[in-house]
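Starting from the known structure of chain A, arrange chain B on it as the hints suggest.
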Amino acid sequence: MDYPFDAIVVGAGGAGLWAALELAREGVNAAVLTKLYPTRSHTGTAQGGVCAALGNLEEDHWEWHMFDTVKGGDYLVDQDAAEVLAREAIETVIELEHMGLPFNRTPDGKIDQRRFGGHTSNYGEAPVRRACFAADRTGHMILQTLYQQCIKHGVKFFDEFQVVDLLFEGGQPDEGGRAAGVVAHRLADGQLHTFRAKAVLLATGGFGRMFRITSNAHSLTGDGVALCYRHGIPLQDMEFFQFHPTGIVGIGILLSEAARGEGGTLLNDKGERFMERYAPKLMELAPRDMVSRAMYQEIRAGRGIGGKDYLYLDVRHLGRKVIEEKLPDITDFARIYQGVEPLKEPVPVQPTAHYAMGGIPTNVSAEVVRDDKGTVVPGLYAAGECACVSVHGANRLGTNSLVDLLVFGRRAGRQMARYAGKVERPMPIADAAEPVRAELEAIRSREASGESVAVIRKELQDVMMDNVGVYREGKLLTEALARVKELRARHGRIAITDCGSVFNTELLEAHELGYLLDIALVTVTSALARTESRGAHSREDYPERDDKKWLKHTLAYRGKDGPSLRYKQVSITRFEPKPRTY
Amino acid sequence: MDVKLRILRYDPEQDDEPASLTLAAGVPAAGAAENTTRPAAGAAGAPVRGPRWVEYKVSVDPMDRVLDLLIKVKADQDGSLSFRRSCGHGICGSDAMMINGRNRLACRIRVDQLGKKISVAPLPGLPVVKDLIVDMNGFFGKYRSVKPYLINDQPEPERERRQSPADRAIYDDTTKCILCAACTSSCPSFWARPEYVGPAAIVQAHRFIFDSRDEGSGERLEILADENGVWRCRTIFNCVDACPRGINITRAILEVSSAIVGRRG
Numbered sequence: 001m002d003y004p005f006d007a008i009v010v011g012a013g014g015a016g017l018w019a020a021l022e023l024a025r026e027g028v029n030a031a032v033l034t035k036l037y038p039t040r041s042h043t044g045t046a047q048g049g050v051c052a053a054l055g056n057l058e059e060d061h062w063e064w065h066m067f068d069t070v071k072g073g074d075y076l077v078d079q080d081a082a083e084v085l086a087r088e089a090i091e092t093v094i095e096l097e098h099m100g101l102p103f104n105r106t107p108d109g110k111i112d113q114r115r116f117g118g119h120t121s122n123y124g125e126a127p128v129r130r131a132c133f134a135a136d137r138t139g140h141m142i143l144q145t146l147y148q149q150c151i152k153h154g155v156k157f158f159d160e161f162q163v164v165d166l167l168f169e170g171g172q173p174d175e176g177g178r179a180a181g182v183v184a185h186r187l188a189d190g191q192l193h194t195f196r197a198k199a200v201l202l203a204t205g206g207f208g209r210m211f212r213i214t215s216n217a218h219s220l221t222g223d224g225v226a227l228c229y230r231h232g233i234p235l236q237d238m239e240f241f242q243f244h245p246t247g248i249v250g251i252g253i254l255l256s257e258a259a260r261g262e263g264g265t266l267l268n269d270k271g272e273r274f275m276e277r278y279a280p281k282l283m284e285l286a287p288r289d290m291v292s293r294a295m296y297q298e299i300r301a302g303r304g305i306g307g308k309d310y311l312y313l314d315v316r317h318l319g320r321k322v323i324e325e326k327l328p329d330i331t332d333f334a335r336i337y338q339g340v341e342p343l344k345e346p347v348p349v350q351p352t353a354h355y356a357m358g359g360i361p362t363n364v365s366a367e368v369v370r371d372d373k374g375t376v377v378p379g380l381y382a383a384g385e386c387a388c389v390s391v392h393g394a395n396r397l398g399t400n401s402l403v404d405l406l407v408f409g410r411r412a413g414r415q416m417a418r419y420a421g422k423v424e425r426p427m428p429i430a431d432a433a434e435p436v437r438a439e440l441e442a443i444r445s446r447e448a449s450g451e452s453v454a455v456i457r458k459e460l461q462d463v464m465m466d467n468v469g470v471y472r473e474g475k476l477l478t479e480a481l482a483r484v485k486e487l488r489a490r491h492g493r494i495a496i497t498d499c500g501s502v503f504n505t506e507l508l509e510a511h512e513l514g515y516l517l518d519i520a521l522v523t524v525t526s527a528l529a530r531t532e533s534r535g536a537h538s539r540e541d542y543p544e545r546d547d548k549k550w551l552k553h554t555l556a557y558r559g560k561d562g563p564s565l566r567y568k569q570v571s572i573t574r575f576e577p578k579p580r581t582y
Numbered sequence: 001m002d003v004k005l006r007i008l009r010y011d012p013e014q015d016d017e018p019a020s021l022t023l024a025a026g027v028p029a030a031g032a033a034e035n036t037t038r039p040a041a042g043a044a045g046a047p048v049r050g051p052r053w054v055e056y057k058v059s060v061d062p063m064d065r066v067l068d069l070l071i072k073v074k075a076d077q078d079g080s081l082s083f084r085r086s087c088g089h090g091i092c093g094s095d096a097m098m099i100n101g102r103n104r105l106a107c108r109i110r111v112d113q114l115g116k117k118i119s120v121a122p123l124p125g126l127p128v129v130k131d132l133i134v135d136m137n138g139f140f141g142k143y144r145s146v147k148p149y150l151i152n153d154q155p156e157p158e159r160e161r162r163q164s165p166a167d168r169a170i171y172d173d174t175t176k177c178i179l180c181a182a183c184t185s186s187c188p189s190f191w192a193r194p195e196y197v198g199p200a201a202i203v204q205a206h207r208f209i210f211d212s213r214d215e216g217s218g219e220r221l222e223i224l225a226d227e228n229g230v231w232r233c234r235t236i237f238n239c240v241d242a243c244p245r246g247i248n249i250t251r252a253i254l255e256v257s258s259a260i261v262g263r264r265g
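Order-wise, the sequence lines are chains A and B. The letter at position 229 of the first sequence is residue 229 when you use the working numbering, and the numbering goes up by one with no holes. The letter at position 83 of the second sequence is residue 83 when you use the working numbering, and the numbering goes up by one with no holes.
Okay, chain B solo, but in the shape it has when bound:
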């Protein structure tokens, strides 16, 4: 079958618009033009160009993933189309993007789940570098800010530390996070206030705060009690909807909030 694949393209070396476009979920970037052809670089009389939708007709199998489609476009129609990809099956987190208005991993969503018209744009709320590639440095900076590592200064036993299956189960959900940024970049609170640490960083903090082996909860809760911490969450649940790993992110955020309250109480 054939599908119409619309991709929001942006080339920082040829386009005039600066790379700082921010998208609201499902809404094309302001000024994104409806072009189906690309003028040659520097062609005389070429219009001023910013990010723009470009449409491709792609022949596909209904079981193909959106990543397969992007690879086909790059192979057969335009080699300059740029996107990140690595493992191709939802574990590495490279290819998060906005697909038909929702943040998803391109390698985990099939054509038959989307229909014959598919639109693909970079993750909203993050600076676009080129086409579907966004700048992840701020995102990883926030991740690092919550001390995402086990803190335990006790002398290490000769064998493993013991942990009961029940204690292990408490933080199981948040160990699944692959840092794809689908959640944080779907969060209206984050769009409104980019300083907000965001759902992904809180998920990563949760994974340690509720690990019975960890002794750093106090430090982390203090960071997250900050004005850019958990209180920015308005329980909109976009993050839960976006998470390709099925993590109940809003619940994790609320558990962290409760821990902060409990600590103060």
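Extracted from the complex, chain A is given alone in its bound form:
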């Protein structure tokens, strides 16, 4: 089937839904495609809050938020984008309230705000109350509120339609081609459908599933990111992947930073608040990359709990009222997934793979750019975690993922509406679905004796976790590169047992594993090349930040013999790079 639209949004998390809402308000003929149902999107799992310098409880300014974002990102942040982020955070949060989001309230009825890691007053002086929140289910309420508004505005949804290819007209992007639509696999019957459109937004989220221990949903396989790479669009700063300090041991489910924002502490085997030694001013509210590294150091020094590879998060002193009113979900997670009662005992935690700072390069209008000069791919947009605008640089601050998807999802929708009003709809492309149909058929028809999805996926997750995690070094990265290449070759021989068309989730998992392998290859290649330590990329063989050589963004292009790397300048407008201490 061929569906003609003016705009297509791929992904129904916060970025995609807000973009769709803007398109609907502008009267653009648009549709949202999601491989889940919209309310299943991973935005819904964000817990702690969304930062905006409202100043409802104490003095705050967007300039402070911008500074914190730049410093938190170890100065790899594009400062023009960080300024947009911090300024527009305020109006987007107010607009969410107008849409009905049930924020917690101050006694006088304003939006309540709490402290969060790396967010400070007066350019780094002390923690500031900036995170607006709805208990510890802020993301859930954002996702619900935006979906509600989409229903109100009659947004067209294609639920359980998984996008498996991008279409271009007038050549591939590097030949000057423009976006022309997408090909989607309908889960209900396995049919491929072509959606033609003037403007296409990729809002497909992250790809934490390439790691063994991750907070990410099973569905986070980097679909939009890998598809861009396959079509010759470079991927930016892929070596920067954030490990969140407080994941549930062994399974990686997140216990929000809100626990520390409300006053929770981290303890080692001796009962010491070890963060005193690493970040004396902000302690547990230092940025995530620093806290995760501190935890690894404690574990290496034998001060993990019982000498093992985890530490304690302690919230007992906060009292029942704070825990039950402000942290109900994460308390519940500790009870269910660890059998621990946080009111009475400390909770075992370890770092978990959480967030991709890198992704599809865009400008501040969410337009995808394909080189170091900012050349736009006409009609192609990206927003949210799959995009790299870059507001997170080398390390994202807590809550800024939500700010990012709100601010740039909204901008994407508005820009797409303007663009769609100016250009003609692309012509139908003959046999548009054929390349991906052949790819899927090859998997489906291969002899059952081939390689297994589960085995290759597990080997990938193991090597990424063990060799490309919180700490990295040349030798381990070189080894990982060889392993990922081998796994990619084996993926070409993958076979499945399900030959059906209806909800063939085995086929889709095989296809998604291909995305993860491509992304892992780019991640390792970019990490191996960057011989410095910055933000979440911490090289034991190059422990210092090297601004002379490395104050630049990585751009990884698909090449014949693997990714080829180029670099792009960082935008510095207000804040000159300084050493990063807290």
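A couple of the hints might just be wrong.
Each computed DSSO-like pair below joins lysine-lysine, with the alpha-carbon atoms no more than 30 Å apart [as the list claims (entries may be wrong)]: (1) K116(B) / K458(A); (2) K458(A) / K57(B); (3) K110(A) / K176(B).
Below, a sample of chain A positions facing chain B; criterion: calculated Cβ distance under 7 Å [as the list claims (entries may be wrong)]: (4) I94; (5) I111; (6) I151.
One side only, chain A facing chain B, incomplete, derived with CB under 10 Å [as the list claims (entries may be wrong)]: (7) L36; (8) T39; (9) L187; (10) Q191; (11) S215; (12) I248; (13) K458; (14) E459.
Everything labelled a hint here was simulated from the structure, so no lab data went into it. Note that this is a predicted model, so its numbers are computed, not measured. Cβ atoms here follow ideal geometry from the backbone N, Cα and C, with glycine treated the same way.
Below, chain B alone, put in the same frame as chain A:
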């Protein structure tokens, strides 16, 4: 430890039975056969097949969730086993299913809470598409029918609308809903009358009816006063038992009923 995991399997492309089986809570579907092996597709002499229980032996840790078990079966024993899953920790609502006779999220219930014999079937009362996957379109249609969005045509203030913590607390419980359908598909009134809007949609309406910022209560209460609205609730409390978010659904339904009565009074 090893557990015996029984899964109610159904493949619309190989099985003869139409996909419209409806289960009563805890009772296997009528005609569900006790098979431990699957005949090859189209094999000569293969019996007529409908939905059937298939048993798997799975080696597990007592802290594993049922979702972990399903993933293990899919990885090691039968790649064609189909189920929905996403976040894996009880927030996205993808993996609601009937586990040992109760509707639950597979990612929120541990082996040590269930014992060594575990049975898993699709949500009752909804059309089965394949294995543990049910058709959710009707469910979401009912959700949309109650106008689940803030209605307020007043000009927006420059800053946030004010709402006191007490007013915010009134509807806190129903903001937790994740639309997993565990409640609606556990409701005997819904099984008996599929046109009933169901507990989940009423919960979503409640969230706005009792929000001090909303001005659309009248429209919503009118919809819910309909013959397929709140009066279908027989306060059986299955929904409360099923809700993975701990929402007191029956109370929410009664609050909506009272609001309808109060409005008419």
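Given hint I151(A) near chain B, where the shortest CB pair must fall under 7 Å
Holds, about 6 Å.
Sort out whether K176(B) lies within 30 Å of K110(A), counting only the CA atoms.
holds (21 Å)
Next item in the hint list is K458(A). Is there a CB on chain B closer than 10 Å to its CB?
holds (8 Å)
K458(A) paired with K57(B) [C-alpha distance capped at 30 Å]
Holds, at about 21 Å.
Under the criterion of a CB-CB separation shorter than 10 Å, is Q191(A) in contact with chain B as hinted?
violated (13 Å)
Taking only the CA atoms, is the gap from K116(B) to K458(A) under or equal to 30 Å?
holds (26 Å)
Does the nearest C-beta of chain B fall within a distance shorter than 7 Å of the C-beta of I94(A)?
Status holds, d = 6 Å.
Given T39(A) was flagged as interface, is its beta-carbon under 10 Å from a beta-carbon of chain B?
Status holds, d = 5 Å.
Restraint check, 7 Å cut-off on beta carbons, for I111(A) near chain B
Holds. Min distance 5 Å.
Close enough to count: is the Cβ of E459(A) nearer than 10 Å to one in chain B?
Where the cut-off is 10 Å and the nearest Cβ of chain B is about 13 Å from E459(A), the hint is violated.
Status of the hint placing L187(A) at chain B (closest C-beta pair under 10 Å):
holds (9 Å)
Status of the hint placing S215(A) at chain B (closest C-beta pair under 10 Å)
holds (9 Å)
Hints 10 and 14 from the list above are not met by this structure, while the remaining hints are.
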